[in-house]
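Visitor: Residues per chain are reported as follows:
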Amino acid sequence: MTGGGGGARKGGSEDGVIWQDKEVRFDVAAASLNPGGGEVVYETMAPVEDHKGNHGAPGRLTFTNLRVTWYLAKTNRVNLSIGLGCIVSVSTTKTKSYLLKGEGSSIVVMTRFNNNRFEFVFTTEGERTKVALQTLGDLVKAYQGSRLYREVKLRGVIFAEDQKLKLLSEEEVHSKTNGVWNLSGETGNLGTFVITNVRVIWYANLAPTFNVSIPFIQIKNIRIKNSKFGTALVLDVYKQGGGFVLGFRLDPKEKLKQLYNELGSLWTAYSSRPNLGVVLERETQPEQIRLPMLEGDDDVEILQSIDNQDAFVAYYAEDYKGNNRKPEYNSALGLAMEPLKEGYTIDQLWDI
Amino acid sequence: MSLFRTKDWWRASVAGEEGEETECDGLAFCAANLDNDPSGSLKLAVGTLGGILRVYAPREPETTGADPQQGPSSHANSEDSIIEVQLEHPILQLEAGYFSPDYDTCLAVLHPRLLRVYALHKSGSAQDLQEVTLQKLYEHKLERSAANMCSGPFGRASTDLDTTECDAICVQSLDGQLSIFEQSSFAFSRFLGNFVVPGPLRYCKGLDMFFTVNSSYEVECYKYQTLTSATLSDNSKKDESSLKALGENNSFKHGKKLEANWRFVLGEGCVDIQCSRFTRGLKKAWTDDVIILGERTLFVLSSEGECKLQKRLEYPPTCLAVYPSKLGEQGAACNIMVATSTGYLMVYDSERLIWSARHDMVPVSVKVLTFGDLGGLVTTLDDKGALAVSYMGTDPPTQVVSIAGEEQLNFEEMESEHRQLLNVIRQHATQKPSEPVDILMLRAQIPQYMKALGEGEYGGSRGGYDLEDELGGRHSKAVVGKIFLNYSGISDITDVSISVDVPEPIVAEAEPSHISCIKGGSSGRQTPIVIQLKLFPGTHCLPSDRTLNVSASYQTPSGEPRISHCEVQLPLCLFGTLVSPVKNATYKLTLDTNKDAPQLVNVFEDIFASCQDNYFEMNSNVNVMSFKYFSGEIVTTIVSKNAGRYRIQSDCNGAMWLILQELKERLAAYYAAADQEGGEGLQISLSDNVPLEILFECIDKHFNSVEYVNKLHSDLELHGRRFRAVQKRFLVRFKDRRPEPLSHLEALLDDTYDNIIDCCVRIDETTADMMDRARDIVHNCHLFLSLLQCQFNLTEKQIHFLKKFLNPQVEHSQGGFIWEEYTEAALSYLLKAHLSKSQKDTISFGGVSKMTSTAKLKKLISTMVERFSRGITLRLPS
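Protein chains in written order, with the UniProt record's numbering: chain F, 1 to 352; chain Z, 1 to 878.
So that you can see chain Z by itself, here it is in the shape it has in the complex (with noise of 0.2 Å):
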């Protein structure tokens, strides 16, 4: 629709002053110079339902205006009105005409029952108060109740048009009589045919025609001869007086039905009827084209009834104007506006639309009419009696910028907002989150010694290990460590519950383990908080690590739980002792280092002294130490001092792992504090190729222990299932009213529970024979690594990372993945990853799956150390 909008020229309201509701038709509306003013100009004369007629003499706005200050008003001021009059009866539709040869405008009043002609007279000069009358010139009573009606010269052809005589008024009745007035004489009446409501009604002037439509949807066209001829044809009595003596129903039979000239189908109702040229062009004879707005279609029809134009409109009409498109040119061909009830204006030249404009007001009736000078001034008139005379709006259509729903947009507080929000995402991304400040600060002091627990002190029902029969002592021995927790945080923290994670078979015991609050602030400082941390040593195996993990778990007022860590090395002395050196053994490896070896006893100090008493004294200056763990295995080192040269044996080959480990780091700590100089690092490294042999019989045989484990356990089952259904043909037998005999049933099931009870206890041994499979698998592991290191001069942080692939710790889960089955998809992904020689963009993890045999893992094993001694360095994430 269309974005421009038509402009008040001049506006006024005939809404109910005194609180009524008025209410207008379209038809109570006529445009004249009805007071016969001799300048000619326009009134509007507004009839309402509610009886009331009011005649307006609108004005150009300027001089409107009462007050210069305001500005032009568009607002009609009380001197525009210049008649109001309450008449009796309802106003349905208003004509003017020449209908009275005193006057050349009368004005027309058509009431239900009544048609009344009045004159405006108009006394006293121009002054504030002119006094205007409503003079009646004549009036017809109605004997049926009127409809509509129309006024025109009729009979008379527009040619030879007889000024002197006056106009005549043609009203339908509700049931569809015409009647004819002229002037203060009824002329005839006619019945029209096929009736059944009236249709609108209109009188072309041009052609002498009455045009309505009738309730079948078709346009009927009279002509006035047609009328008349009627009469004279049937009944020449018919005449006034001779209706009156026929009662109504015998003029229904006796009046003859009038037979239209021609009918045009529209197929719906019928707004409004319009007779005007139309047709541009051919100047000469040109004749007035009948113009009809349907309700849903616009129709041009030929004074012969044929369909010139038919335009289907996209919205609903509510009235129509006709004016020519030329002002005061004869014959003009006219446009056409056309009011819709959605608010518009729409003008159309032929069936082109050439304009439109939103309206403030849904009009019944429009006019396009010429005050003052201004000619082509709209002139509507809505339901409510409001009354506007406007003109179109040329403004162009910018765009009006609604500022509704839509706050203004802060683009510098977005950008920063913008630009803050970045900066968190960034810090995210390439930062770590800071840590925060009041953490618990752990810290653990393990000395390196043991210590003889006293009866009390030794925990009773905490079992420890009782080591008489290895070190000849009466009583327990434990290390007896500290862990001091520091808080320094401002707010208290609660629930602070202390575990520690000791590696097998060492035991632990710390006291107390659970503290419920620790104070924060300066006032309340109680820290550092010291718990007491007892190692006792086992022997029921290797140590399977040497690392002893501290964590601390606790929450912050905010509830967030934290956790602190700490890590220590666990002293030698946790493992074992010193006993006599061992000569012979079975397994042996050969460091070599840079160095002068020093004497064992400044290294391995702290554990000559725990062995003062039976060991010490007997090897003051030795080169030999045999350390016996408190499982039993020894492991012998002996030290070839001139040629820096060490060698360590053993008959077990994981026990020299623990060893191997000490000596490397006792070395390093040893020369590092005697060099001060710096000098030449201490470089160690293995005389002989890895054994990878060892390392594989030990995978071998866990792997095979696992397996076996497996099948047990599946036998198991077996026999479970087995066991539970002869419980079960047991049970039917049992219930049965006459049992089936028992047929050695019961020796199967005898023997079914045999089977389970031996394969239960052959899997608790096999268990504990896998345990000591995988122990062997870590310690070995261990080795593996310490001796890979040495031959291959790896860094800690390649061997820490080497670790997470070669992972020295084997647990066990029942259906889960093995170890070796882990490991070999770990260091299938590590040969591609990290030890290739070409670096690849992405490798995926192949992921665990089950094996069947170690072959392949064997392979990757070899493969790795082969890659390693072919100098492929070992790449670390960055």
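Chain F extracted, bound-state conformation (with noise of 0.2 Å):
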């Protein structure tokens, strides 16, 4: 029995949900660089120099409401996918720039992926880069801000000081049921179940801090299926987002399928034009900036695109050491530290 509303959601890439915000990638396929579902390009720039990697080669800079993507010119296979998730930081700086033979100002954009430290330096002529830098920095501003969006949120404040559900900006309640069971402890949780038009909110009655926010886009699936508390309604959650499996009771069995109906049909509503909160006040419209649509060799099909080990090394901001090694306890400083190579003691990695 699968959802009315359901199916796959367009515009994802691979198992579905959106990564484009979360990760670090080099070298993608060319189609997987092209704005997906929800996004939204804000801004382009080229000529850019990606300083690091790519010295000298003219490429384009595009930032999007999820990430910060750089291609070469000459042939895209060799570009880049920052996920505004995984930026810690936005500077400028000045670099020795080959391609505008001589100075040129730079964006330093240091990344946290996977517990490795990447830094990429973009350059580009003076007033680009100034562009490049409102932009980026307000594109992280309003992405912070707008995590609920995305992502699931347990225990979250979801009143306001006056009682009423804190909705997102451009959020809207669809429908609110009263009775609606969580069953997610051994006896069950009587709350209330808010559709809106970016998520779903379920908070018990009684308790208003035992709460739970899915936003649709990390709901992988929705069901209806029958459980040792009788049918349910069951909401499963991407393994990014958490992996959660939702279930939840209304009765009588009526309302518990409109609910699944409305459910379904505002998902699928919401796959067809993600909101993915991230907005920008700017004086062109987004709808302006055309982008050339990125095709791959067409006889080409990349199958391991994710990891390529000759791409990133280059732009790690600090040592590679491929592993982390897992932390003890270190009695002469008596900190937590990274174990030490055989036959050496602090005083010797201290006293140098």
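Check before you lean on any hint, since a few could be wrong.
[Said to hold, decoys possible] Here are the simulated EDC-like pairs of lysine to aspartate or glutamate, each with C-alpha atoms no more than 16 Å apart in a straight line: (1) Z:K223 - Z:D208; (2) Z:K519 - Z:D492; (3) Z:K664 - Z:D772; (4) Z:K136 - Z:D175; (5) F:K176 - F:D236; (6) F:K220 - F:D236; (7) Z:K858 - Z:D700; (8) Z:K588 - Z:D651; (9) F:K166 - Z:D438; (10) F:K96 - F:E125; (11) Z:K641 - Z:D596; (12) F:K164 - Z:E88; (13) Z:K859 - Z:D651; (14) Z:K326 - F:E328; (15) F:K341 - Z:D395; (16) F:K326 - Z:D373; (17) Z:K856 - Z:D596; (18) F:K326 - Z:E697; (19) F:K141 - Z:D751; (20) Z:K482 - Z:D501; (21) F:K326 - Z:E88; (22) Z:K384 - Z:E23; (23) F:K326 - Z:D492.
Because the hints were derived from the structure by calculation, they are not lab data.
Hey, can you piece these two chains together into the complex? The hints should help.
Guide: Below you can see the structure in the form of structure tokens.
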């Protein structure tokens, strides 16, 4: 029994979940550079030089509401995709540029991904750098401030001081169903089920801090299933979103079916035009920016495109040690510390 | 600074969800087992000034990663957040403690006007959604705005700690009131003395003391007993109810000012105060020390207020953590961790820096905590609310090779470029630059005879020389030659102008002398272009040279100017003609050869041919030939046939140079043509020594003449000055209203004027004379060199080289150096550099200087001849 309005979401990538904002990827397939579902291009500029990896070669830098992409003008097979969620800091510096035949200004983007720090330096002429810095700064801020659009949140603050549901900036409540049991505990909790145009919220009636907020974008599947509590509405959340399986019960069955249909259609509607919540106030409308759709080589299908070992080595902001060793307590310092290599002591390391 | 970095163990961003800017104070952060979990694991509570309280339960990274494929993720999962509550008021400070007998750990939250104590109540099993609620236990409304607080078992000595009694809370207000709350009841309040703004407040459990820093930058210490006893001695009624009855102003008046137990002058602002055991050793009877982080200095004070350590910090610190250096050991000495505003964590053991690491954030609060089994994790909070649990990375500080800003150096390419450049340099040094191929070739063809010119042909305005008198002919004669311009280049050349340089007294006329364009390439081939060259003989002096120089300057399409050049010897017939032999002469030269002398007619064929009409028939078989220059000098050549001896004689010594040179050349050519089989080459030698006296005489005459001309010039200058002075005087007198009488001034003017005219005339005369003397030098110089060649058997090259020093060209420039001076300088250099016994490496050129007599020059010439006669060879430069 699959959801009436269910099905795979359009515009998603490999396993359907949105990765663009959460990951730093190198040399992805050309098609993955095109803005996916809900992705909006806010700024694009060329020529921009990737100072670290592709020194001296012109490329195109693009800012979307999810990520920053850069690809080489010659071949889009050399490219970068930097999720906004990975960005730690953005700054500017001056660098010597071969592309600009002299000193250029650069934006330095520090990122953290999978416990590794990457540093990207994009060089272009001064005016563009200013625009890039401004845009990226605004985007990161807007991205940070709109997490509830994209992330599952448990036990969050969902009520404002006036005891009204705190809604997101472009959010509208579609329905509010009381008497919905959350089946996570042994006994189940009676609460209220709220469907908006962006997410699903459930909160316990007695303890509003006991709540869950699930954006549509994290929902993998919606189904009706028989459980030990009887027929239940089950929401599957993507692994990246926490991998929860949430069951809800509502009596009578017809009402549950109705809730399921409503949720399904809203979810489908959302999936066709996802609202990812990152909004920038800009003079030029994002719709006016036309980007060439990128196409990869037709005869070549890149199967393994995520981890190109060679590509990302250049961007490490520090030593690349492959894997992080598990820390242990060091009695000399009284602090947790990465294990020392054999034959080394703290003093040897410190008293260089 | 250190190259080590911290590494993330766990991380959570409290940063504004739903857009709001969060701001966190370092005090609004505490770590404790807030939900009273049986495992005793620490929870982190963070409060923002926006009133949001968040509690996290950091878990080991391996278990938090929802997706095993993602590897260990250091980011907080939504499950790590235990609770998130929006409270009504801003959160100033959080304290965890035993504030209620029902819960081991409660959370005290300080709002500006409210103190609340909560317990975290957990229900449900450890399923996906575990229900955690925040339960309010009690609250105190504050009458004064709160600044900060501290908590602890006030009043109970550390030794007899009563575990049943709860912790109390002390709140400091913004105006310096300390209020003590014991659970749900208010105990008492005191005013701090000397108060302006609140400083940090800390209670030390071991000492039962309060520490704060007042506005005079002094640490103040208050024993709890001091606080309580102040009440008793002052106003026993002052309990909670009485305080309420009195107004705030009254309480100021009535409340007794507290007297601190001790004070210590810091002299700077205080960032944080911590109490812990700091001094090592002395296991027995230890007491806590007070560790104070100032804005620039770290202080350690004893409990008595004595300074134990004072360490100046080289960076602005932001917060302080004191943690036991040995985990789980009660009463162990502590290490100190200071976070800096530059983003470093510094670890001190006593005053010694034992570690430092770069941290991602600039913390406002730092704690060293234990999570799970792992102790010593550094937990930091920054002002934006980002929370990180990190450990120290130990990767040795290998230098990260920065690619940024440096293009990868291509050594091979650089090497090849270097080689290429070296090649170019070497080529320039060793080889002459190769001549361009597409050059204009010049060739001049001069016939050996004169041609009579018709009336029309004879250049009217150019002024020829009428030779009627001398030659008896009626028409002007000239040598008519041709100049051929050959151009084989591809591109066109433009602006070709031809110039011809002839020696005195010959006059040349080239037509056309300018060609605007010569087309290149095979299609537009116009070359050779023929230019007619007319050479007219002159009568006013002896010839100074016999070489004709033709040069053509032109421009290539790229705008480079180029010059082509050719030289040609002028025929003898241009300079004179044969006359009847003259037997007697003043000056005689005798040349010996090793060959039989040929007929003179055969040698001077062309000149005999040109004079056919009036001379040749008369002397068909001659051994005498008299050559008369157009200027009148006669040179006679007599051949002694058998001895192979030649005599050249003339009344004018200088006139012989041309005939001597011609004779030598013609004889050489004649014998070269005659003996095909080689044999012995022609040897011409001079029977006498080279006569120097005549040359010296010429030089003297010329020098005197030059001096005389110079003297006349200075005379002229003097007269001119005098003339102008007289003129001025005249003007002054004429302009005057009442002029003085001239008193024969006009006679002076006339006289001066006459002097000037006279002087000018004499200059004219003497200059012409000087020019004649100069020519004498030229001719004698030529002769001298020729004779030198004969006597010492010098090669052509040597003679050519010698000509550069004894130059047979005399030029005059007003005020410049004269020929004698140049020659003297050149010869002294020649003798040192090229005509000395021993060869020296570097000889500097002495430079030209003015001379007063010709003695030195004469001596130099004599020395040169003497050196040659001594057999010293002239060294040519390589």
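Visitor: Now tell me if each hint is right for this structure.
Guide: Each hint, compared with the structure:
no.	hint	result
1	Z:K223 - Z:D208	holds (6 Å)
2	Z:K519 - Z:D492	holds (4 Å)
3	Z:K664 - Z:D772	violated (26 Å)
4	Z:K136 - Z:D175	violated (28 Å)
5	F:K176 - F:D236	violated (21 Å)
6	F:K220 - F:D236	holds (5 Å)
7	Z:K858 - Z:D700	holds (9 Å)
8	Z:K588 - Z:D651	holds (9 Å)
9	F:K166 - Z:D438	violated (90 Å)
10	F:K96 - F:E125	holds (11 Å)
11	Z:K641 - Z:D596	holds (6 Å)
12	F:K164 - Z:E88	holds (14 Å)
13	Z:K859 - Z:D651	violated (27 Å)
14	Z:K326 - F:E328	holds (14 Å)
15	F:K341 - Z:D395	holds (9 Å)
16	F:K326 - Z:D373	holds (12 Å)
17	Z:K856 - Z:D596	violated (42 Å)
18	F:K326 - Z:E697	violated (111 Å)
19	F:K141 - Z:D751	violated (106 Å)
20	Z:K482 - Z:D501	holds (15 Å)
21	F:K326 - Z:E88	violated (41 Å)
22	Z:K384 - Z:E23	holds (5 Å)
23	F:K326 - Z:D492	violated (82 Å)
Hint violations for this structure: numbers 3, 4, 5, 9, 13, 17, 18, 19, 21, 23, all remaining hints satisfied.
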